[in-house]
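> Starting from the known structure of chain A, arrange chains B, C and D on it as the hints suggest.
Chains as they are written, first to last, in the working numbering: chain A, 1 to 294; chain B, 1 to 294; chain C, 1 to 294; chain D, 1 to 294.
Hints may be right or wrong, so weigh each one.
Same chains, same label: a pair holds when it works inside one copy or across any pair of copies.
[Claimed, not checked] For lysine to aspartate or glutamate, the following DMTMM-like pairs were computed, each having C-alpha atoms within a straight-line distance of at most 25 Å: (1) LYS52 - ASP294; (2) LYS52 - GLU10; (3) LYS52 - ASP62; (4) LYS158 - GLU32; (5) LYS158 - GLU220; (6) LYS52 - GLU220; (7) LYS52 - ASP257; (8) LYS158 - ASP294; (9) LYS158 - ASP95; (10) LYS161 - ASP45; (11) LYS161 - ASP171; (12) LYS52 - GLU88; (13) LYS161 - GLU235.
Derived by calculation from the structure, the hints in this document are not laboratory data.
Protein chains: 4
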Amino acid sequence: MESSLQVDVEPRSVVLLLHCPLRIGLAASLTEFVYSSGGRILYHDQYVDPEKRHYFTRLRWDVSGVSATDQEMTNRLRTLIGRDPDSEWALYFSDERPRIAVFVSTDPSCLYDILARCHSGEWTVDVPLIVSNHSALEPVARRFGIDFRVFPITKESKREKEDEQIALLRDHRIDLIILARYMQILSGSFVSAYPNRIINIHHAFLPAFPGARPYHSARERGVKIIGATSHYVTEGLDAGPIIEQDVMRVSHRHSVDHLIRLGRDLEKVVLSRAIWSHVQRKIIVYAGRTVVFD
Amino acid sequence: MESSLQVDVEPRSVVLLLHCPLRIGLAASLTEFVYSSGGRILYHDQYVDPEKRHYFTRLRWDVSGVSATDQEMTNRLRTLIGRDPDSEWALYFSDERPRIAVFVSTDPSCLYDILARCHSGEWTVDVPLIVSNHSALEPVARRFGIDFRVFPITKESKREKEDEQIALLRDHRIDLIILARYMQILSGSFVSAYPNRIINIHHAFLPAFPGARPYHSARERGVKIIGATSHYVTEGLDAGPIIEQDVMRVSHRHSVDHLIRLGRDLEKVVLSRAIWSHVQRKIIVYAGRTVVFD
Amino acid sequence: MESSLQVDVEPRSVVLLLHCPLRIGLAASLTEFVYSSGGRILYHDQYVDPEKRHYFTRLRWDVSGVSATDQEMTNRLRTLIGRDPDSEWALYFSDERPRIAVFVSTDPSCLYDILARCHSGEWTVDVPLIVSNHSALEPVARRFGIDFRVFPITKESKREKEDEQIALLRDHRIDLIILARYMQILSGSFVSAYPNRIINIHHAFLPAFPGARPYHSARERGVKIIGATSHYVTEGLDAGPIIEQDVMRVSHRHSVDHLIRLGRDLEKVVLSRAIWSHVQRKIIVYAGRTVVFD
Amino acid sequence: MESSLQVDVEPRSVVLLLHCPLRIGLAASLTEFVYSSGGRILYHDQYVDPEKRHYFTRLRWDVSGVSATDQEMTNRLRTLIGRDPDSEWALYFSDERPRIAVFVSTDPSCLYDILARCHSGEWTVDVPLIVSNHSALEPVARRFGIDFRVFPITKESKREKEDEQIALLRDHRIDLIILARYMQILSGSFVSAYPNRIINIHHAFLPAFPGARPYHSARERGVKIIGATSHYVTEGLDAGPIIEQDVMRVSHRHSVDHLIRLGRDLEKVVLSRAIWSHVQRKIIVYAGRTVVFD
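Bound-form chain A, shown alone (with noise of 0.2 Å):
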């Protein structure tokens, strides 16, 4: 809906992300506040999760219009929606690019994919930086001009070559990681660093198939169907929150070479709608799963 309102000049515009314990009134408050304000809602979509009573919205409006700062609006709004433990908000504001880091290994589909996005204007993003565990894919970067930094990591050296990786991250101010087909496990201290913040694809349809050499088991169990999943990473492998997964048909006839062929083109689709959906903020993760707005 909203990118309709978004070819040319669009007016600048801001998104609040919020869940909390369901609320007599609140959303009631927050348009009342937008309108108030000067401002213009572009979007609006709301979900209550019946059984847990809680509430999730997505707020998008035109700020062009609103003459407050946006430290006095953020002010007003932290008053407005109060503070409770099982609550969370942010506000993101269209002139701020997201700026992704991709982690890569030696399989250039996703990488190709997301660097083209990015470049045809596709998505309003920046990609300062690859890291990958392995030289292979210098040239892709080269190519497209981005800065390429390789940590070959053993068993001995990972903590220490983590840490120079998150100092690279900090130093290039990234927001989001992409694991794209990146053959190395992230610690659990990484992955605190940038909680709900690196996506993962996973070569199947999980929770099936988790692990390595997913389409040489779903060829040993015969499946008829192949998927790609991607999802938030947390410490547990592949058990992250699940963003976006997506399915084809195969048969008999497909060896594992086939599978992997037919696999790539699903994990470039599900991974980059999963960047899409997460760069447009539309996801909110609570419970280990995620709420995705259309």
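Chains B, C and D in isolation, oriented as in the chain A frame:
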């Protein structure tokens, strides 16, 4: 392809399902055999597993112009195909209507769907018997005039009741057993009495969410796609060769009850496709997987 | 979302379906109205068409604690909503069971599916009447104990027969008419007697292949995907507002008969999803299109 | 199936694509021919159109152990296959890399996707030339070091410019032309110079919404599913043989811009699957339709 030939007065035909180690010239021998005996090929599909060098074929021909008896044809084929311990084959004549027993508990959806297909003429099969561990669906059986037998099963009585069931199935000359949401696990000895002739519908995308309450697990895990899987029953729970699967997209907005409601349609369609493939003699099981011809 | 609340002893509830030109504060007024009258919101979804600045909402609330009568609630809402010529709304109370007439010709698939859903308790609707231009499906009606009326229609008798049909529908207090593969085009005057209350299933992915024999056209054109479309009936053939569509992959291997067989399952599922959305009061028609809430 | 054999040092192989009126014994003659010449069959698929009694086959074999020259093999096959006016066949050797020209206008998505697949080694093809009626995508060509030629085309200059384009294509020994969102209709004489060797991507589910602005039409009609179609280009606009199609669900919430954004991913995937099937020599065109082998 062959269904276009089944309309109206269809001539008598036979299906050969065969798998064996790859042998050069076998396909040519089989087609030569059909032509020389006066048959007309209606369908011929083949598949070679390139890793195992194993050959699978489905050959269907019009036998209305064949002068040899069914037994003579069978004998000649036996000579032609030979005996390999890793080989299996069978002939299925079109005037042998498969006889199906449906096992149910309390959910009528799949049962209604199966009976509607049989009574509308969509399927050319007979369903002379419905078996249940519960009396809930007796009215459905009565509506369609089908014998309905209740076997309440406890841990202690299981062996005895299963023996009675098998005797009943034999009395009814049952070829194929459908577990249409039958909430009772069959013992290994029951299963071995009907190898690759018991089809179950599991209400999840196997191997994700085996066992009971998969929709609860799916909701809990926050998957974005749910599925259903039909498979031949083996001793391992939900581990038998997969025949057919299908999926549909869901979101955080779907409660467990909503998932169950949506999943019911998946289950019906996936189960019925599997039954249809089986009775059309399109499925070969080998190495724990199925080859399902088009 | 709401279905989780329908289990067991569900309290009496009401659905408001409303569309009108976008008006600031209306949503807040509506929720305020519900709370102040003692209601408890079970579901609230809204949509704004950004081009037309038109507002759509579905609001469902528990009225078991509301002291006002239904008529009083309706009156207050009338005042609150006001009168705009481009506005429409209605209240649907949960204890009014929709009464459905099914129109058929000779294909029993959709009819069986509808009746199974009603008799298994999956749907809380009544089907007191089946209308046909052919006697072929009378045994199906008899099996379920439903009144079956045959109206053989010729060009000359059409007007008269349709008048008789409408009289019959009124006698049965029919709310919704389902054309379940009814091979007869309704006249404009019949259609206008049941605006947005006649649902048809078309056996193709509209707007591709309108009219008769779409599977033949699909085969001829060599499409790789076939579909089915359910829509409200308007005067233009197969041009009414689309409610639901679904598709499946096919290939050159599928004959017309095979496409018809596969398509039948699509038709059943797509039609039943449309009916369910309608009776759940999830559909608003505006400007020739539908808004279908989740 | 064959892709499992392409890994690492793959032996030289050849693909035979053949269609002809059904002739008994031809399949056996072809396999016999391969074995007797020292070849090893890697893939064999066949299809008979049961209505037209027309035979289609794709046969691929390892020629590394064949002593005959390519020309000798071709000659023997010519004798074996014979000449039927309704027959066509060709041999494609694995060491002939297809040479592709991509025609574009201003949308870079499909172009980036094609170039990424070529440069990542996913496809074994060469893209020596990009042709456009616009200079917008020159930076993309430069990034990948590919010759980029602009032909601004007016009604008056079309004939002349197309002649220049054909000369250029011949200079580059182009085998296959991809219209990757090329916003210019090719003349009949251009098309006839590359029969079944020009692949277009249409951003809709043909035959629904041919012509320009299909997403606007889809939104206007209120469809619940959008699609993309890749097809060989013939003189009739968007009427050529369909190679591949895919779809995705949408709803009233999707604006035209949102549909365009979602559709872009469909277009990329559908176009690339069609190109891959073509360069793998898996497609036979007959009677305005395609047979696409697995």
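> All hints are to be evaluated individually against the structure, with a verdict given for each.
Structure-based check of each hint:
1. In the homo-oligomer, the alpha carbons of LYS52 and ASP294 lie at most 25 Å apart both inside one protomer (21 Å) and across protomers (19 Å), since each shortest distance falls under that limit.
2. Within a single copy, LYS52 and GLU10 get their C-alpha atoms only as close as 37 Å, which misses the 25 Å cut-off; across copies the closest is 19 Å, which meets it.
3. Taking identical chains as interchangeable, the C-alpha atoms of LYS52 and ASP62 lie at most 25 Å apart only when they sit on different chains, with a minimum of 18 Å there against 32 Å within one chain.
4. Taking the shortest alpha-carbon separations for LYS158 and GLU32, neither the intra-copy value of 51 Å nor the inter-copy value of 57 Å comes in at or below 25 Å.
5. With identical chains, the CA atoms of LYS158 and GLU220 are never at most 25 Å apart, being 33 Å at best within one copy and 33 Å at best between copies.
6. Taking CA atoms no more than 25 Å apart as the test, LYS52 paired with GLU220 passes between copies only; the shortest distance there is 12 Å, against 40 Å inside one copy.
7. Proximity of LYS52 to ASP257 under the C-alpha cut-off of 25 Å is restricted to the inter-copy arrangement: shortest distance 15 Å between copies versus 44 Å within a copy.
8. For the homomeric pair LYS158 and ASP294, neither the shortest alpha-carbon distance inside one copy (39 Å) nor that between copies (44 Å) is at most 25 Å.
9. Taking CA atoms no more than 25 Å apart as the test, LYS158 paired with ASP95 passes in neither setting, with 36 Å inside one copy and 44 Å between copies.
10. When the C-alpha separation of LYS161 and ASP45 is checked against a cutoff of 25 Å, the pair qualifies neither within a copy, at 42 Å, nor between copies, at 48 Å.
11. Proximity of LYS161 to ASP171 under the C-alpha cut-off of 25 Å is restricted to the intra-copy arrangement: shortest distance 15 Å within a copy versus 52 Å between copies.
12. Proximity of LYS52 to GLU88 under the C-alpha cut-off of 25 Å is restricted to the intra-copy arrangement: shortest distance 16 Å within a copy versus 34 Å between copies.
13. In the homo-oligomer, the alpha carbons of LYS161 and GLU235 lie at most 25 Å apart inside one protomer (18 Å), although the nearest pairing across protomers, at 48 Å, exceeds that limit.
Of the numbered hints listed earlier, those contradicted by the structure are 4, 5, 8, 9, 10.
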